[in-house]
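Engineer: Residue numbers (the working numbering), protein chains in the order written: chain A, 77 to 185; chain B, 127 to 241.
If you're looking for bench data, these hints aren't it; they were derived computationally from the structure.
Think of the CB as a built atom: it goes at the ideal place given N, C-alpha and C, for glycine as much as any other residue.
Hints should not be assumed to be uniformly reliable.
[Stated by the list, open to error] Below are the DSS-like pairs computed for lysine-lysine, each with C-alpha atoms no more than 30 Å apart in a straight line:
#, chain 1, residue 1, chain 2, residue 2
1, A, K180, B, K137
2, B, K183, A, K177
3, A, K177, B, K137
[Unchecked claim] According to the in silico footprint, chain A covers these stretches of chain B (three or more CB under 8 Å from chain A):
#, segment
4, 171–184
5, 228–241
Listed here are the chains, written in short residue letters.
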Amino acid sequence: DAKTTQPNSMESNEEEPVHLPCNHSTISGTDYIHWYRQLPSQGPEYVIHGLTSNVNNRMASLAIAEDRKSSTLILHRATLRDAAVYYCISPGSQGNLIFGKGTKLSVKP
Amino acid sequence: DAGITQSPRHKVTETGTPVTLRCHQTENHRYMYWYRQDPGHGLRLIHYSYGVKDTDKGEVSDGYSVSRSKTEDFLLTLESATSSQTSVYFCAISESGVRASTEAFFGQGTRLTVV
Chain A
77 DAKTTQPNSM
87 ESNEEEPVHL
97 PCNHSTISGT
107 DYIHWYRQLP
117 SQGPEYVIHG
127 LTSNVNNRMA
137 SLAIAEDRKS
147 STLILHRATL
157 RDAAVYYCIS
167 PGSQGNLIFG
177 KGTKLSVKP
Chain B
127 DAGITQSPRH
137 KVTETGTPVT
147 LRCHQTENHR
157 YMYWYRQDPG
167 HGLRLIHYSY
177 GVKDTDKGEV
187 SDGYSVSRSK
197 TEDFLLTLES
207 ATSSQTSVYF
217 CAISESGVRA
227 STEAFFGQGT
237 RLTVV
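For reference, chain B alone in the conformation it holds in the complex (with noise of 0.2 Å):
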């Protein structure tokens, strides 16, 4: 299994608060990817990164920040928590991005509420 983890894996948090999710790999790839799974939804790409410093917004980055200072991490805020960003959030890596035809890796995801 590719080395990739999420914390937490659960969070309860209230309405308001700073939320801070991590992903870490030890696979030394190059892209990662936020995504938040809804249900009617499926998977929707938040933020990505192309490198260290590098990120990009993605479909649904509203109220969401995120940093990679390393290339092993990967950190995603959520500056003021609402109840609209409770959701399963999972973080994948890649090692070349996708359409240069490399699979990507996926973490086993955080439970986030809001209330």
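Here chain A stands alone, though its shape is the one from the complex (with noise of 0.2 Å):
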């Protein structure tokens, strides 16, 4: 199962973009780049995935490099409610999702 790896903390101020990074090099050429996030007391949830191309919806954009070792979640303007854990996340060979301890961010007003 391919492993992610990403920076533990990262803070923002509101109304600014955000740049979340996640390095998977390990990731398979056939396995989409998942995106969750977690806030306090709730359970995850979906914010994109992208397997090659950029992605944007209307929580976030997908950036995925060319040699789709590393993606980063880009958040235009991040508001106090954006302030959560991330996870970046391949799937793994059971077709679930594996998670591994995200980036916690935290949105200063």
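Could you use the hints to bring the two separately framed chains together as a complex?
Structural biologist: Here is the structure:
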């Protein structure tokens, strides 16, 4: 199963963009890169996922490196409600999501 | 929000007693998962199901069993609870499995304390 590496924590100011990096150098060529986030006292929630090209949705953008060894989750304007733990995930061999420790994002007003 | 409900939300039980946690979905998704979350470990897969009566073990399955007799319900049973099973348990559902590029939806979690 592919392993992902993320910084333990990051800080951002409210209404500024946030770039959350992830390394996944061992991911297979056919596995999608998934991002989930977990707000305090809640279950994880889906943010975005992609395979090769950059992806956008209402929550965020995902920029995937051409060699697929890394990706960056972009929150265009951070709000206080975006404070959460963000997980970069690759699927496991059992079709499950393999969670690491994620990046704890703090947003300052 | 995806229709996924975990029950109970909180439970305190004594060591050695059996405990069953229930995950109920209204989305008719094929895949269902049980994870546990502990400080310093993130979420770890306990068991999962890929259809009615089709289940398989995950990373931390010792001491747990599961059953899925209906599409909508996935039960996690601790046959004889131990203090090491004190944790927050999350159920998740997925339409086609995450390797098929579908997203997973998680329940709100069950906080289990074994004393």
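Engineer: The structure should be examined with respect to each hint, and the outcome stated for every one.
Structural biologist: Okay, the hints, checked on the actual structure:
With a C-alpha separation of about 28 Å, the suggested pair A/K180 and B/K137 falls inside the 30 Å cut-off, and the hint holds. Note on B/K183 and A/K177: the hinted pairing holds, with a Cα-Cα distance of about 22 Å set against a maximum of 30 Å. For a cut-off of 30 Å, the pair hint linking A/K177 to B/K137 stands: about 25 Å separates their Cα positions. For the segment 171–184 of chain B, the assignment as covered by chain A holds, since 5 residues bring a beta-carbon within under 8 Å of that chain's beta-carbons and 3 suffice.
Under the rule that three or more residues need a Cβ within less than 8 Å of chain A, the assignment of the segment 228–241 of chain B holds, with 7 such residues.
Checked against the numbered hints above, the structure breaks none of them.
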